[in-house]
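Generate the whole structure from the sequences, applying the supplied hints.
Take 188 as the starting number for the sequence shown in my numbering and just add one per residue.
Derived from the structure by calculation, the hints contain no laboratory data. Bear in mind that the values here come from a model prediction, so they are computed numbers and not experimental data. Every residue, glycine too, gets a C-beta built ideally from N, C-alpha and C. Incorrect hints may appear among the rest.
Computed spacing ranges between beta-carbons, pair by pair [what the hints assert, rightly or not]:
(1) THR315 - VAL367: 56 to 64 Å
(2) GLU526 - SER403: 45 to 53 Å
(3) THR281 - VAL371: 55 to 63 Å
(4) THR335 - THR418: 16 to 24 Å
(5) ASP498 - THR522: 18 to 26 Å
(6) THR276 - ASN235: 20 to 28 Å
(7) GLY402 - GLY340: 37 to 45 Å
(8) GLN342 - SER403: 19 to 27 Å
(9) GLY329 - ILE467: 28 to 36 Å
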Amino acid sequence: DGIANVSGSASLDITPVNDAPTTTLNTLTPIAEDSGTRTITQAELLANANDVDGDPLIATGLAINAGSGTLVDNGDGTWDYTPATNDDTSVNLTYAITDGTTSVTGSATLDITPVNDAPVNIIPGVQTTQENTPLIFSTVNGNGIHVTDPDAGNQPVILSLTVSNGTLTLSSTTGITFGVGDGVADADITMVGTLNDLNAALNGMRYDPTPQFVGSALLHISVNDQGNVGTGGTKVTQDTVSINVQNLNDLPIANNDRYVGLQLESLVVTGSVLDNDIDIDGDTLTAILVAPTQFGTITLAADGTFVYVPDGAFFGTDQFQYVASDGTGTSSPVTVELEIQSVLGGPVDGEDNEQQVDDDSSDSDPELLEETPVESDEETTDPVIDLTPVTAPTAGPPRDSSRGSSPDPRSAPPPPTTTTAIVETRGEELPVALEPPDKTERGINREQDGDDRDAVPTLEDPRSTIAITTQYLSIDGISSKSKEHLKWEEETDVQEIIVGTTAIISTTLSVGYVVWLLRGGSLLLSFVSSIPTWCAFDPLPIIDTFENAGDTPDVDDESLVSLASTTH
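Encoded structure:
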């Protein structure tokens, strides 16, 4: 009471109040990009949480607040987080921390460590092209080649292309630096550029197989990202595109040919016109006739051999055309030229009866063998010849022994082949020839008797038909005083002679005769070789006959008799 004290006691009751948990930003242990699923536990989420009351804390409702990936609640207080593919961005997570009475929001971050991702090549399946045919890789064709790299961005990468057969040509080279090749017709290319520039070069790239190549080719593609972003170092991706190059038939290449034959004979060619033709694929070729000959009959076999039979007495140039076939395609048409040489042009090697005209005879004046120009107001035309094969008489019996000479010791030759020739020319060109008096003795060499020498042929008409044989000469158009009578066969619309303008008949004969070709005042001579028995034969009566027949030569021409006399 102011003077004395006394002790007293009192009590104060403090009512308890629950304190909310506290926490701070929680940083979870980082994971690597594309490392797979990661489990997040309660301990990780409550690592920075606190409760002053000491109440037990629980994390609930974990969710991704920022970032990508997936989160799965396992129902036992844990969650499985799976980052997005090729995603290296951090993930922010939120959750609730409760002490059973009060809760507080917590947060955590999960860092994803970047890892260098390998490039990815987008390639087509097996490709097919034809031999010698380009193949275009493009998105339009549905077979484009595309290069990607998830973390390359605009960083340069290295692209290598190699083809086992053929070449590659890029569609663009903008922004590209080449280490190997230049992007044009290269079998190997190494280039550096951004993904955009490289893909522009690949879109429309052309593949050209090696000419004539058939088979499988491989296109190798390799991309090096040079490490670029993240851990793991350089990544290289390689891929291969198979290209089947199918056979495309190459057309054969045919070449022109030329052959030489003989008038009145079939031209039989056992060699093949295909011998100089080419087929790159090595296919067997056959010959197909596309244009026949004009002046004869052609029979062309598939193997390229042929037989040509000239029409009548045709000589000159004929031709036919054929194509070479490999069974799939054919060549362009080519021409086979056939040169048919006249039998009147001289001896022909290889005939059974090898007789030749003796050009070196001392009785022949070379000057008389030259052609003499023809002066005429009429238009000159080429001679037209029509030869029709006929059969000559067989060898005759031996000479009659009463003539006082022995028979020829040589055996009779085989039956000759005879051909009759009709030749057009002008009226001033007159043919003269002699035929043996006894046709039954054409196959036997004999002496001429007196009757033979006295026979004097006379010319009746300048229009005549003359027969030419390879064994003897028979002439219609001469009347003879001998027992052998030759008569004219008059032609009313054409004039006929052996060969065109001033020419000499030379043929292969088994008996010896002199053939004259008279034109104007000139005498042309051709003597026959291989004369078995030669008797004196006086041509002057024949010359006189022509001069007396009314065919008066020009005043400027020399006497036929004098011309003939100078040749002896």
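Here's how the hints hold up against the structure:
1. THR315 - VAL367: 56 to 64 Å: violated (28 Å)
2. GLU526 - SER403: 45 to 53 Å: holds (51 Å)
3. THR281 - VAL371: 55 to 63 Å: holds (59 Å)
4. THR335 - THR418: 16 to 24 Å: holds (20 Å)
5. ASP498 - THR522: 18 to 26 Å: holds (19 Å)
6. THR276 - ASN235: 20 to 28 Å: The hinted range 20 to 28 Å holds for THR276 and ASN235, with Cβ atoms some 23 Å apart.
7. GLY402 - GLY340: 37 to 45 Å: holds (41 Å)
8. GLN342 - SER403: 19 to 27 Å: Once the Cβ atoms are compared, 36 Å apart, the range 19 to 27 Å for SER403 and GLN342 is violated.
9. GLY329 - ILE467: 28 to 36 Å: Taking Cβ atoms as reference, GLY329 and ILE467 lie about 32 Å apart, which means the hint holds.
The structure shown violates the earlier hints numbered 1 and 8.
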